[in-house]
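From first to last, the protein sequence lines stand for chains F and D. Residue 1 is where the first sequence starts when you use the working numbering, and the numbers rise one by one after that. Residue 1 is where the second sequence starts when you use the working numbering, and the numbers rise one by one after that.
I should point out that these hints are in silico values taken from the structure, not numbers from a laboratory. Note that the structure is predicted; figures quoted are calculated from it, not measured. Even for Gly, the Cβ is constructed at its ideal location relative to N, Cα and C. It is possible that some hints are incorrect.
Quick look at which bits of chain F chain D covers, simulated, 3 or more residues with Cβ under 8 Å [as the list claims (entries may be wrong)]:
#1 98-109
#2 116-125
#3 198-210
Letter by letter, the chains look like this.
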Amino acid sequence: MFRCMETAPPVIAQAAAPALIEVEGLTKLYGDFPAVTDLSFAVRPGEVIGLVGPNGAGKTTTLRCLAGIIPATRGSVRICGRDLATQPIEAKRRLAFFSDEPRLFDYLTVEQHLNFTARIYGVSNYREIARPLLEELEMADKTDKLPGELSRGMKQKLAIACGLLHSPEVIFFDEPLTGLDPIGIRRMKDSILKRSRAGAAILISSHLLHLLEEVCSHVLILKNGRKIVDGSLGEVRQRFSEQSGDTSFEDAFFRATGESKDAP
Amino acid sequence: MIAGALFYYQRHWWFNRLLTRLRRLRQPKYLFGAIVGGIYFYWYFFRTLGRGGRSAGIALDYQDVAQGIASLLLLVAVLLAWILPQSRAALSFSEAEVAFLFPAPIGRKTLIHFKLLKSQTVILFSAIFVTLIGRRWNGGDFLLRALGWWIIFATLNLHSLGCSFARTKLMDRGLSNWLRCILILAAVGLVVAGIVLWVRYTLPLPPAMEGNPDLAQLGRYANDVLHSGPIPWLLLPFRLVIAPCLAPSAGQFLLALGPALAVMALLYWWVIHSNVAFEEASVELSRKTAERVAAVRSGNWQTARKPKKPGRSPFRLRPTGLPAVALVWKNLTSAGRLVTTRAWIFLIWIVIFAGFALHSQTRQAGGVGAGLAFFALMLAAFSLFWGPQMLRNDLRQDLPATDVLKMFPMPGWQVVLGEVLAPAAILAAVQWLLLLAGWILFPDQFNGHSITLGQRTCFAVAAAIVLPCVDLIALLIPNAAVLFFPAWFQLGKDGPRGFETTGQQLILMFGQLLVLALSLLPAAAVFAIILLLTSRLVPAAPGVLLGGVPAAALLLVEAGFGIRLLGLVFERFDLSAEILIQG
């Protein structure tokens, strides 16, 4: 999974296939403050959608709502056709969420994390899946280590191994490159592309526009909790090109959000 | 200029901290906590402030002895500072202080001064606190006592700092921690041996200890020892430091103040002129402290004590089956190495062997075995109260990882069940062990009544059935409190502190006790009715067993309802309502 950098362009979505992530009118209020307002979009198998926006745009809140961590105030989220509000267990069985900071249990070893995750998701053949996965992640000799004994990159790998153990069809990444070294970054990109080729619907929240350009087929720009624009990378670029023809995604982002590129 | 900046920082740190706390009182949960905490502190500490303390102070007869003993204690504290610590000198700074101050153009001495000044706040609060506590027996003028305590704490703080610098110097010169400890202990041993010999050959023998020794006579003898030969010289610096705190009048306080301040000045000179690098160790210490504080404030005491070795799995976790079992397995693993089948079999064998070895002494109520039996049964009873407070490897431990739990594809009731079962199982196992000890060791005769083996067995089995069910209820209550009032469990890095937190904890504690009492009422009623109905048919002991079984069943039904209800609450649990999650 993590072996080599694959420079192939983002996967072309299976347009006819039903969407694996369907979001309609998603709204999340913190008290009276609207963190996300009336957000709607869909992600089909093989699509990698980049969720992008300035700080406080509502990216993390959106991801947490989609992963079922916090309840939406209004609207609906369907994961592989299952409504997250009415069929949460069936929906959660099909998704994985990777936060920017790997969330591990301090007192469980690498092996115990995998065993625990297997029982939670009912992965009967987890040893067959975990062994090659650990070897590929270069963690095969660290199975009896506690998270406190692992580097940040290793912790990230363990979180990924746990998250992929049940072969999720929908994957959410929140700032997936935070704290990774160049090799880790390359492998993470490979991993994302590989999962999308395998037919997973992937949503990535990140501030790194070049990452999104490399791995995403689609983007969704948020500002102040509202959707500014969504579509394929080409469509978004074209829409904000200002008749110049070859606008970069970075330029398109600044135009879409009304932010200035110049340093203060 | 630098000093001004540091003073500015410290002043505003305190002001903003106070302001934040005052603003927080707009929320009812903090306001109620502050009111209850305020009443508690007033009632316990401040009520007698204007009355000049509860006692007039230490009697003059014992003043000298008290000073001698206090000096000895201070000497021990100083010696421990040289013997125990193993690490290099490190001044504790916050992570932000390290980030801002260490790269700044600030001299080493200024950093030490800043640290010394910063520590004065804690020392001052500690001095006031100890004075308030000490007023129960020490009496005297509040201000003078508080100043006296401040001198003691500040001197100890200076010594601890200087000592850490000196230890680091010794380490840099190749003297290992072990060798240093051995040398110091050998020196202490020589001094103690010399003093004992001197006392033995120069002073008269101590008064007889048999019967009721005369306390005044003993005091006089202790005074003679402390004021003879080399001891007064050995304790002189410690006496000088302690003298202001024990001074019976303002005049004597002023007389004692000068020498005490002179000792402090000497220590200050030592600290400032110790040329030891502390920066690297301080950076590491600040990182560890920040991690620990964040973990403790988020209620995650387990993380605060990071495991050094992997825990052994309590049982083999199969990859398929009820997911809740995974949570039980995880929480039992977190409980450490003691929660393994092997450990418990070992403990059971110890209880059985030791119990039967002492059995011969249990026939009479006054024997050692009988005493142990009563102690074990008392512990089992009290475990209903301390158990749920001590065993927190449930939702209270996992609250910071709620987002992980929320992602699991399992219904809420399974999450609650899985979380609560681990501490319940540990508590039940402890109680069964105690009951086993009580059952083996309980005397055959008690209070003039004969207690047969059958009666003992009936009581023990009834308790063994009922207690785990009560445990489950008792553990559900704090877990319910976590879900209903998560902010009261000090979430996040900026969790509440201060006397409003004490108030909150008092409210929670009384609330939990009240809910537990109410939850036990139906089962207690069923138990009492059955005991009454069967009292004419069967003896008391089997009646207790007959009543205990339906009472336990009722408790289980209650626990089942509780788990279902909490499961629904967990499914709707919105942590973001309590903590603003960055969007």
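Coverage of the segment 98-109 of chain F by chain D, judged on three or more residues with CB within 8 Å: Holds, because 7 residues of the segment 98-109 of chain F bring their Cβ atoms closer than 8 Å to Cβ atoms of chain D.
Coverage of the segment 116-125 of chain F by chain D (three or more Cβ within 8 Å): Since three or more residues must qualify, the claim that chain D covers the segment 116-125 of chain F holds, with 9 doing so at under 8 Å.
Verdict on chain D covering the segment 198-210 of chain F, criterion of 3 CB contacts below 8 Å: Coverage by chain D is violated for the segment 198-210 of chain F (0 residues, Cβ < 8 Å).
Hint 3 alone, counting from the list given before, is not met by this structure.
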